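Visitor: Chains A and B are the protein sequences, given in the same order.
Numbering of the first sequence is given in my numbering, commencing with residue 1 and proceeding in unit increments.
Numbering of the second sequence is given in my numbering, commencing with residue 1 and proceeding in unit increments.
Hints are supplied without guarantee of correctness; some may be wrong.
Residues of chain B placed beyond 10 Å of chain A at every Cβ, according to the derived structure [as the list claims (entries may be wrong)]:
id, residue
1, 8
2, 16
3, 18
4, 22
5, 40
6, 41
7, 46
8, 48
9, 58
10, 59
11, 61
12, 64
13, 100
14, 101
A partial selection of chain B residues facing chain A, derived with a Cβ cut-off under 7 Å [said to hold, decoys possible]:
id, residue
15, 53
16, 57
17, 95
Hints listed in this document are in silico derivations from the structure and should not be mistaken for laboratory results.
Bear in mind that the values here come from a model prediction, so they are computed numbers and not experimental data.
Ideal Cβ placement from N, Cα and C applies to all residues, glycine included.
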Amino acid sequence: MTLVFVTVLAPFVAAVAGLFLGGRWPRTQVPIAVAGAVVSLGGAVVLAVRVAVDAPLQDVAQVTTVHTGAFDIDVALRLDGLAGIVSVAVAVVALAVQVYSSDYLKGDPRYSSYAAFVSLFTAAMMLVVFADDLFVLLVGWEVMGVCSYFLIGHHWEQADAQRSAVKAFVVTRLGDVGFLFGIFTLSVAAGTSRITTILGTSGDGLSQHTATVATLLLLCGVVGKSAQFPLHTWLPDAMAGPTPISALIHAATMVAAGIYLVARLYPVFLAAPTTLAVMAVIACITMLGAALAALAQDDIKRVLAYSTVSQLAYMLAALAVGSATAATYHLLTHAAFKALLFLAAGSVIHVVGTNLMPDMGGLRKAMPVTFATMTVGLAALAGLPPFSGFFSKEAVLGAAEESARHDGPVASWAAWLVLVVGLVTVAVTAAYVTRLWLMTFFGTARTAVAVHESPPAMRWPLIALAIPAVGLGVVGNRSLLPTWLGLPAPTLHVGLVTSGLSVLLAAAGFAAVVVAWRLVPASDPMRLASLRPVLEHAFYVDDLYDRLFVRPVRAATRAVRWTDDEVVVATVAGSGLGATRLAVLLRRTQQGNVQTYLTGLLAGVVILAVGVVTLT
Amino acid sequence: MPLLMPVLLASLLFSIGIYGVLARRNAILVLMSVELMLNGVNLNFVAFDVYLRDKLLSGQVFTLFLITVAAAEIGLGLAIVLLVFRNRESSQLDELRDLREEDDPPARDQVADDEQAVAS
Numbered sequence: 001m002t003l004v005f006v007t008v009l010a011p012f013v014a015a016v017a018g019l020f021l022g023g024r025w026p027r028t029q030v031p032i033a034v035a036g037a038v039v040s041l042g043g044a045v046v047l048a049v050r051v052a053v054d055a056p057l058q059d060v061a062q063v064t065t066v067h068t069g070a071f072d073i074d075v076a077l078r079l080d081g082l083a084g085i086v087s088v089a090v091a092v093v094a095l096a097v098q099v100y101s102s103d104y105l106k107g108d109p110r111y112s113s114y115a116a117f118v119s120l121f122t123a124a125m126m127l128v129v130f131a132d133d134l135f136v137l138l139v140g141w142e143v144m145g146v147c148s149y150f151l152i153g154h155h156w157e158q159a160d161a162q163r164s165a166v167k168a169f170v171v172t173r174l175g176d177v178g179f180l181f182g183i184f185t186l187s188v189a190a191g192t193s194r195i196t197t198i199l200g201t202s203g204d205g206l207s208q209h210t211a212t213v214a215t216l217l218l219l220c221g222v223v224g225k226s227a228q229f230p231l232h233t234w235l236p237d238a239m240a241g242p243t244p245i246s247a248l249i250h251a252a253t254m255v256a257a258g259i260y261l262v263a264r265l266y267p268v269f270l271a272a273p274t275t276l277a278v279m280a281v282i283a284c285i286t287m288l289g290a291a292l293a294a295l296a297q298d299d300i301k302r303v304l305a306y307s308t309v310s311q312l313a314y315m316l317a318a319l320a321v322g323s324a325t326a327a328t329y330h331l332l333t334h335a336a337f338k339a340l341l342f343l344a345a346g347s348v349i350h351v352v353g354t355n356l357m358p359d360m361g362g363l364r365k366a367m368p369v370t371f372a373t374m375t376v377g378l379a380a381l382a383g384l385p386p387f388s389g390f391f392s393k394e395a396v397l398g399a400a401e402e403s404a405r406h407d408g409p410v411a412s413w414a415a416w417l418v419l420v421v422g423l424v425t426v427a428v429t430a431a432y433v434t435r436l437w438l439m440t441f442f443g444t445a446r447t448a449v450a451v452h453e454s455p456p457a458m459r460w461p462l463i464a465l466a467i468p469a470v471g472l473g474v475v476g477n478r479s480l481l482p483t484w485l486g487l488p489a490p491t492l493h494v495g496l497v498t499s500g501l502s503v504l505l506a507a508a509g510f511a512a513v514v515v516a517w518r519l520v521p522a523s524d525p526m527r528l529a530s531l532r533p534v535l536e537h538a539f540y541v542d543d544l545y546d547r548l549f550v551r552p553v554r555a556a557t558r559a560v561r562w563t564d565d566e567v568v569v570a571t572v573a574g575s576g577l578g579a580t581r582l583a584v585l586l587r588r589t590q591q592g593n594v595q596t597y598l599t600g601l602l603a604g605v606v607i608l609a610v611g612v613v614t615l616t
Numbered sequence: 001m002p003l004l005m006p007v008l009l010a011s012l013l014f015s016i017g018i019y020g021v022l023a024r025r026n027a028i029l030v031l032m033s034v035e036l037m038l039n040g041v042n043l044n045f046v047a048f049d050v051y052l053r054d055k056l057l058s059g060q061v062f063t064l065f066l067i068t069v070a071a072a073e074i075g076l077g078l079a080i081v082l083l084v085f086r087n088r089e090s091s092q093l094d095e096l097r098d099l100r101e102e103d104d105p106p107a108r109d110q111v112a113d114d115e116q117a118v119a120s
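Whenever a hint applies, use it, and build me the whole structure from the sequences.
Guide: Given below as structure tokens:
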């Protein structure tokens, strides 16, 4: 178990060391940051191997107990299949990002704090992954939120980066309020906040109502962190951060924390069919809506951001239809191919100098490595066989089909909904993937700068991430993963009907965009004139929130400010002014004649004497 | 001798003294009125001392003290009056009003400056 502590603490130590040493000796910044990630990855890999050998394994270590009066909080870590395998994904992506950032942000004046925050983020994510206590998990969860805030706001001199950072912070915090109360509910109902104990008693210890309330509250936090409808609006804006951050936090790890949490507490969620149905509906809305929004974005990172939202919805859908294994599987493959896509997109942006796809085009020849790796990532995202995304998406759809046809933990209408919407989304996904691919790498070059391949520190992480983006499919598809995870779930399978349908639909989406593109190669293949603005603004959800929440809050703040200026300040100033005015009256008596004073004194004495005599 | 007579006389002296202190304008006359008040008090002390037949004669002792104090006081007071008269060529009390408040309150920025000076 000491290895678990090493895995969690190594990035943390790297963060502290980077912050203190990196400022003084700039040369140590990169080695420290990378060393933390390497140690963490090494630990995670050894742990995962141990878990694989001894599957199903559960190991718990307790550090100390905090007495709070109501119930005790155990600072404890837990190692099992789920934690082991997710920690490897986190560590791999973190290492790739640290290496990549060393070149991407070369010469950035704030690199040392940036690297420290990435390390701190990795440590927090590891803490979430290995936590055996809901409150310990919450600590990691919130530290991640803070790191995300700082990293999105890395370019804080730009107004939109600032705004996005605050937006991300506030929106996720909104979900975290529910999350906190969910933890309270669950802890009080179960009598402990230890995850191991809660999982052990979830079947009989919790009533269905308690489980429903607790999981619905927890779902608030999950929806906020994993950017699901209706709290998804922060993720596309979070792309104002540096691209490696988008890869690390807003694609592969932090947004997956919500999914991970549901998988972690899955037996509790299974005891609450209502929550599962709500999850299914949320997932369906998000899945299709985000995919459609991705179809009309011009910013390459925003396309990827919306696709992240859409893919996270797949994971949530898998959880809703009862397959935590499929969700974890998709989480892993998605972490690999989405981190790859973001880093590849960053490589393109680094070279071309713009985020906008209409200004790219024809980069295929000049950037062969980026092109090849990005093609792999896009194929995986679109769910083409034999790339990893195909198998994991198939696992999700297969689980939905199984749950729809036979009795699953969720109502069958919800499972059917997930299945149908999931299949439609496959087509839309293929369409926007193809659009991105064509607009970036094909056609005529629309950029003015001389295009070249990116530096090796940016190239190698791409290649390294391309391997799992391809290979995870074949490996994970065996029955290895379910036993490894030790989850009570049906085995993964590739259903003939669903896989055939999804490949056909993906091909249809691909074909539609290619045909549209062939007609006018220079222009945007997405040409639905009347629909386009709606999709580009993601169904005006942001504007709706602006009307519903932002403007009323602004008005309220103006009212508060007015009250402060006109009431509070006026009262304070008025009291001073009033005292001055009253003092003018008092001054009149101070006219300097001693005899007048004495007369007053005598009068006072007489009044007192008379008073004493008459009243006693 | 009945107590009434000396007590009446004492209150008469004290009242005349109060009247003189409050109404006279000349500082020397005010000092003399103060002496009158003190002597009213002295008379009271002696009268009650006799009336109560005090073994320790504390009333008479206090009277002696008071006479001494009054002598010292009048010496000091006359000296002050003399100096005031030399400086101002007047010893009228109602003209000695240097310690009165100004009629206009001080200007606001003056107050602010003072506050700043205090704060720093």
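Visitor: Flag every earlier hint the structure violates by its number, smallest first.
Guide: Of the numbered hints, 3, 4, 13, 14, 15, 16 and 17 do not hold.
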